[in-house]
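Keeping their order, the protein sequence lines are chains C and F.
For the first sequence, numbering that gives the first Met the number 0 assigns the number 0 to the initial residue and increments by one for each residue that follows.
For the second sequence, numbering that gives the first Met the number 0 assigns the number 0 to the initial residue and increments by one for each residue that follows.
Among the clues, some could well be false.
Across the chosen pairs, the derived CB separations fall in these ranges [claimed, not checked]: (1) G587/C x E337/F: 44 to 50 Å; (2) K67/F x E448/C: 33 to 39 Å; (3) R227/C x P378/F: 56 to 62 Å.
Below 30 Å or equal to it, Euclidean Cα-Cα: the simulated DSS-like pairs (lysine-lysine) are [what the hints assert, rightly or not]: (4) K70/F x K54/C; (5) K78/F x K586/C; (6) K70/F x K21/C; (7) K427/C x K380/F; (8) K11/F x K175/F; (9) K391/F x K551/C; (10) K194/C x K42/F; (11) K586/C x K56/F; (12) K94/F x K70/F; (13) K157/F x K344/F; (14) K67/F x K212/C; (15) K551/C x K375/F; (16) K313/F x K242/F; (17) K94/F x K21/C.
A partial selection of chain C residues facing chain F, derived with a Cβ cut-off under 7 Å [as the list claims (entries may be wrong)]: (18) S242; (19) G243; (20) F244; (21) Y253; (22) H260; (23) R264; (24) G265; (25) E269; (26) I270; (27) P436; (28) R437; (29) D444.
If you are wondering where the hints come from, they were derived from the structure by calculation, not from laboratory data.
A virtual CB, placed ideally from N, CA and C, is assigned to each residue, including glycine.
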Amino acid sequence: MCGIIGYVGFRDANKVLIDSLKRLEYRGYDSAGVSVIDKKQQLFKDVGEIDVFRKNLPNFKGDIGIGHTRWATHGGVTKDNAHPHLSSNKKIAVVHNGIIENYSKLRDNLKNKGYNFLSQTDSEVIAHLIEDNYKGNLEKAVFQALKKVNGYYALVVTCTDEPEKIVGARKDSPLVIGVGDNENFLASDITAFLKYTNRVIYLNDGETCVISKKDIILLDENNKPIEREENIINWELKDAEKSGFPHFMLKEIYDQSETVHHVIRGRISEIDRTIEFNENVEILLKNGIDSIDIVACGTSYYSGLVGKYLIEKLTGIPVNVELSSEYRYFGTRNESSLVIGVTQSGETLDTLAALREAKSSGCKILVITNVIGSTATRISDAYILTQSGPEIGVAATKTFTSQNLVLFLLALKIAKLKNKIGADELYKYILDLKELPRKVRQVLDQSSEIRDIAFQLKNSKSVFFIGRGINYPISLEGALKLKEISYVHAEGFAAGELKHGPFALLTKITPVIAIVTNDSTYDKMIANIGEVKARGPQVIAVAEENDTEIEKHADFVLRFPSNSNILSCIPIAILLQLLSYHVASLKGCSIDKPRNLAKSVTVE
Amino acid sequence: MKAVILAAGEGKRLRPFTETLPKVMLPVANKPVLEYVIDAVKKSGVTEVIIVVGYKKEVIMEHLKNYKNIKITYVTQDKQLGTAHALLQARNHIKGPFIVLSGDNIIDQKSILNLIKDKSEYSMLIKENPQPSKYGVVFIEKGKLKEIVEKPKEEVGKFISTGIYKLPKSIFAKIKELSSEGVYGISSVIQSIIDKGETINTIIADLWADIVYPWDLIHLNEAMIHKAPSSVSGVIEKGVIIKGGVSVGKDTVIHSGCYIVGPVVVGQGCEIGPNSCIFPSTTIGDNSVVHPFSQVRNSVVMNDAHIGSSSFIKNSIIGRGSIIENNFSSVDGNSTVEIEGEFKKLEKIGAMIGEDCNIGSNVVIEPGKIIGRKCKIAPLKRIIDNIPSNSKVM
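Just chain F, with the same shape it has in the complex (with noise of 0.2 Å):
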């Protein structure tokens, strides 16, 4: 069986991490969420995946050039005009039934191997969730899916579709046909096939998780970490505490004096300490440095970034290739954040700093602000406020 894994979406609502990366390229554990869907395919016996690629397509496949026993190919969707049309540029690839999923949504190996082996033509995952009026909520008659509807108003049940299906290759003849009604996604093809009798069966999903916002990406971390296996190379000097379940990559050096209580992940090149502590559930990305006297807890460091000593960072998201200076403090509490015009009301939230920024030495962020791409903020500054992209705080 082929997998067709949508991966050409921005994801606008988890900028400032999405401006130079595709949302499927996020990094859960020190693993883009891209990566933990194709392992499940891979392990439910998926042996090629078409991956749909728009949005940055080169920063997908520079990271997947290495990725081992399934054959990968790309196919490009120009405009990302939504999930039905993504699926339609696979088309060419697809000679029998095969599965869809998307590519920044993490889903386990044992859900899809149900769906595979589900005998009716069409089948979908679905699952529980509490916050369904994001999502395509659907309505359940005897395990066939009677209605699906689209993030409504209402609170009117509580499960929704995975957007992963089981689909015969009939679908791309029915999309096409919609496609010139002007009609784009996935679960709108589902519906026109049910009004026309079509039987789909559902299935629960065991594990599947979305990211939505910013701080869905510490979340989902502290859900997953426990998950990364434990394996410590790299240099552990003289006099390094390691308890619980820790992974070093290759090439790390962890310094004298430095205290680390798994889960935590840390990635390949790092250098850690002396002499800082890093608590659960933490992941430092590859090539990251932490400096002397440092404290990290509950925090998502991505790779390349650099943090000074004496600093504090808790409930916080570091974005790659960020260098902060000593002293640094993210102070954690209560906050209410907008994004894209909504209001969102936060519990124990830290910083959330994008990328490639410099910040100075000193500075303190309050609960919940997100710093923007390439910001430069200048010593002993108090950021109270969200800070666009490529500012400066003088």
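Okay, chain C solo, but in the shape it has when bound (with noise of 0.2 Å):
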């Protein structure tokens, strides 16, 4: 979504900003802009990518100052449009990530009032309606004006009058202070000042804080000063940073071999055969469970999906998987129900209000997520970290793998919790875990045989994923990737539904990509990999290494490491991730940066 930066201190915030910005950019991109104070508000926006944005920006003056990518919600993507918006009287600046749902009716009366608007925003009422509460303070102006407004922000102003100060607010969007020496950083995410600070604090629902190089006041929704520690993050600024490979996708779908052990180590014990998870999250799991809601959006629905399939297997418990933005206005609440809440960045606006809800109706919340210190983790009753670290790249890979490990770490806990598996099947899974990351590592040596097979599907219009069992939520995920960054249409379907329905669209030009795993579905798939071929498609198999039979019945074989187990699905979904990483790599995409989207999605 948005990203939003503010800086004060010692260094030439031109340069900063826009650096931060460039960090940013992964959030949202159709447009960006900078203002400076330097005696007066020296405003540079423009529409576009970073690179080009920075080549352009004038070489403003000053140490205080604030920057915003935007990605459009309200309004055209122009240049009026992109933030900072000023104030009527050009003293005050706003950067505003959210939405004001109330902005006709403000920019009606402050229209009454004399005010000049210049943009379509809802952001620029912000702006205008901060100038008319100013009265010397820039925080009490802020708090007067947010009191008018419905809706939700993270906010980051100046004003020339006060070119000491920034104040920032939030409401229900992420934004986080970076403590540094005699400079101080505000903005929606940690990875935008970490090349100068790991030292954060969080900002809270409600509040506003009040930076300047020395100091830090942090404002409660009264507006009363309160007190708050900083946190460390142990993120390093090259976690952020390609590292040679041409995408940080790619670069991601190699950090795998890594992050695989980081979701596993510390938490399982191959030699005591135990699984241990934060005691927070044990004191839940002990509370006993009779039904599981799953909520989240995206590539964390299909993990939840996997998560479904994994908990009802081992444990025999109901499990519901919801679209966070249904669940939040639809369905039945079960108090006695645990929700889990599946989300990378622990700021998605619709997942967020879907455990308000939840929580709201009752229920414990337990949340998945990548990061630390977010919105998600601190509504929950208990938390589980992906420890992942950042994720750049718009579609997700890395995380998807943390995540469905992370379920099967829970489903087995519970399992071995309620006494539906003994110790021993417990070992076989323990160490079917700790051969996971070799299984990891033998997919992504194949990386160049892939390749090979992308050639075929470089020119198609359309591609088929399907798959049975677990392998089901993977074709759902499979086809997402190939259209998030490839732009090829391309639906996932549980195989034996096929010839309900979507037989309609196979032609001679649609390949279909079938997992086939050597377990109680393989006839199946065999048999519904004949029905399509009968109807004229080229079919590429995801077979195990050592089934030689797949070879009469599919066109190509991709190979996963044999021994299918229900944790085969993870090395079959980096193989995925490969082959779309390579289509969109030979139609030349933006694969980091796909059209129309945005990491993190913060708005409704």
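Reconstruct the complex from the two isolated chains, following the hints.
Have a look at this one:
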């Protein structure tokens, strides 16, 4: 989504802002802007990518400023609609992420008072509204202005009358303070300032903050000062760089040989034959669980579907997987259900709303996320971190794998607590987990073979992915990856469903990717491939290394390491990620920044 | 000063260990050789390295993603034609004098510093070697290089080229000129420079070590392991005895009753014991598990390996991701090993097991046998021959 940054300190603000915007670019990127104070607000905005923006940016002097990358919601992609927005007297500059729901009413009121609007955005209202409330103290003006606003926001504001301070405020949109020496930062995301500091203070909903070179003041929803401790972030800036790979996505796919260890390490013990989570999770799980609802969006939703399969198979507990955007408005609530929210960023607005909705219905909340300190972790009863490091590529890769693994560990833990699996069976699963990193490595080592097959898909207009059981959600995710980054129309289907409709779309030029595992679904999948072949399309099978039978049925075969078990879905998903990557790469697509998409969606 | 590190090579003689890893990524005391090279240049004040990658380059880039305090730029050599051709790929990143090193030779920081400080436009590091015929032998007159003879058939001298040079930017024009005549090796380029009357200073390197054959990994591990910092993190249960220089990585658990005598390096996320013995000079890679009552000595166990109960491993290499069941035994002794058509006589050598093997319980491997990658060996087998990769021993 939109990315915002504020800087005050001893450095050249222009340089810090553009550097941070570049790092925030992945959140949203149709236009951008900065304003730097040097007696007056020096403002520059433009449409297009940050690299071009950087070239055209005038050399503003000053050590305090704010910046923004925009992903349009209200008003088209134009220079005027880009942030920062200035107040009518040109003294106050505002960057905003979120949506002001009552903006048209506020706009009419302000227009009647003589304020002059230059853009179609809801955000510009805030600039004029702050000016309207300004009586010599910016934080008070922001506080007063926000009282009149309905909606949600992360805001960063400067004013030329008080050129030493930046005011920030948040409600339902992310904003963190970066604590430096003789300099401070405000940003929607830690990676924006990680180059300069790894000390952060999280802002809660409804709070305001004032940062200057030396001081940070936090104000609660009643504008009373409060104290809060700093957190140290263990991420390295290097984690957020491509380190030689042509794209973040490819780097993050390769990261998985390491990130799978991060999920397992410290949580399972092969010698002691145990699975352990942090204390809050252990308490939550020991309370006894009769049913589980998983809420999530996008790739995380597909991970939820994988989780459903794993948990139901291992524990027998019924699992209901809902899209957050639907769950929050529809469906029934069972207060004895454990609600699991799956969100990479911990800031996905729909998922946060669904979790709040569940909480107010009396459900216990467990969150699976990649970002410690994110809003999701703070509204949960307990959370499990996927520990994947920052994911910059818009298409989720390593976090999908880590989410699936966390859900597997969770399923095992619940099964153990409920005595659904014995010690020997648990040990067998632990050995499967320990063997997983080598399977991941073996899939990554086949990248060039996968690339050869990608040539087959390069010119396709439409591609089908089919699978059964746990490989049905993997088919959905495989199709999503291909759509997202290579702009090829792709759909995932449960293999048995093809004949109930989708067959009508099959033609000779619709390749079908079939996931075939050597388990109880094998014969059915072979039959499904036969049905497909009878209608003319090419079939690319994703099959086990030692499956010699499959070559008789499929046109092309991609291999994953043998010994099908419940965890084979992980190397298969990675194989499909590489396939999508290579198709997009052969087509020359903008892989890390696919059109119209943003990394974490913090609007409804 | 910038440094160019050549890391594109495959290392065919090191198979099966290089089937999925470039040679520079082979571990010595739980750290890839390439990292020793970068550490040394960084400590000598080099601020930017250009790494020429090719074979399995993603493995290198993935590993170095968290390497700190030095700028790393990658250039790709698509076909591994030769060292000069590899160096040529870095030409756009070089503005002045630079040093070039091979990523698969361990070198110390002091020697690099001496090379950088040397006043001559061209300088190189040389080293005395007991087997000069494997390398480029150098002939020297008053400290200047006279001639390099690549892999001479007869014993002609004792100093060899380490392949580490300080060179001016103008070298690239010469490489280009010679490559049009089909010359792709740095030694040949240097020879042609001498022939044209340039002088090349030679400096004797302090520490320089090369890996040519798989068993060199055991010897180099033994030579370098005492340099690893001894620091113990992770969980050490009650009743563990640790003597000498031992390094234990974070998230590792050493269970009760283990007896560890350094120098020993145990990586991160490992589980050892209970009641297992690790003797000098052994490295256990990250995320590996050594089950109860096993003994490992003077061996290299790579990452993600699994060693079953009551196993005995001596003078051996266990490739990453290999799973060895209970009661495994590597018999050590004398052996003659064939590599790429050459026969090598080895003393006190155990088993060399490639990556991702599955070895059943009660398997015995005779001295000096090499098991390829992804082999499966059924229980109760005695292995008396080398086993090629992807084989099954039923």
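Here's how the hints hold up against the structure:
| no. | hint | verdict |
| --- | --- | --- |
| 1 | G587/C x E337/F: 44 to 50 Å | holds, 48 Å |
| 2 | K67/F x E448/C: 33 to 39 Å | holds, 34 Å |
| 3 | R227/C x P378/F: 56 to 62 Å | holds, 60 Å |
| 4 | K70/F x K54/C | holds, 24 Å |
| 5 | K78/F x K586/C | holds, 24 Å |
| 6 | K70/F x K21/C | holds, 19 Å |
| 7 | K427/C x K380/F | holds, 24 Å |
| 8 | K11/F x K175/F | holds, 27 Å |
| 9 | K391/F x K551/C | holds, 24 Å |
| 10 | K194/C x K42/F | holds, 23 Å |
| 11 | K586/C x K56/F | holds, 22 Å |
| 12 | K94/F x K70/F | holds, 15 Å |
| 13 | K157/F x K344/F | holds, 22 Å |
| 14 | K67/F x K212/C | holds, 28 Å |
| 15 | K551/C x K375/F | holds, 26 Å |
| 16 | K313/F x K242/F | holds, 19 Å |
| 17 | K94/F x K21/C | holds, 28 Å |
| 18 | S242 | holds, 4 Å |
| 19 | G243 | holds, 4 Å |
| 20 | F244 | holds, 6 Å |
| 21 | Y253 | holds, 5 Å |
| 22 | H260 | holds, 6 Å |
| 23 | R264 | holds, 4 Å |
| 24 | G265 | holds, 5 Å |
| 25 | E269 | holds, 5 Å |
| 26 | I270 | holds, 5 Å |
| 27 | P436 | holds, 5 Å |
| 28 | R437 | holds, 3 Å |
| 29 | D444 | holds, 5 Å |
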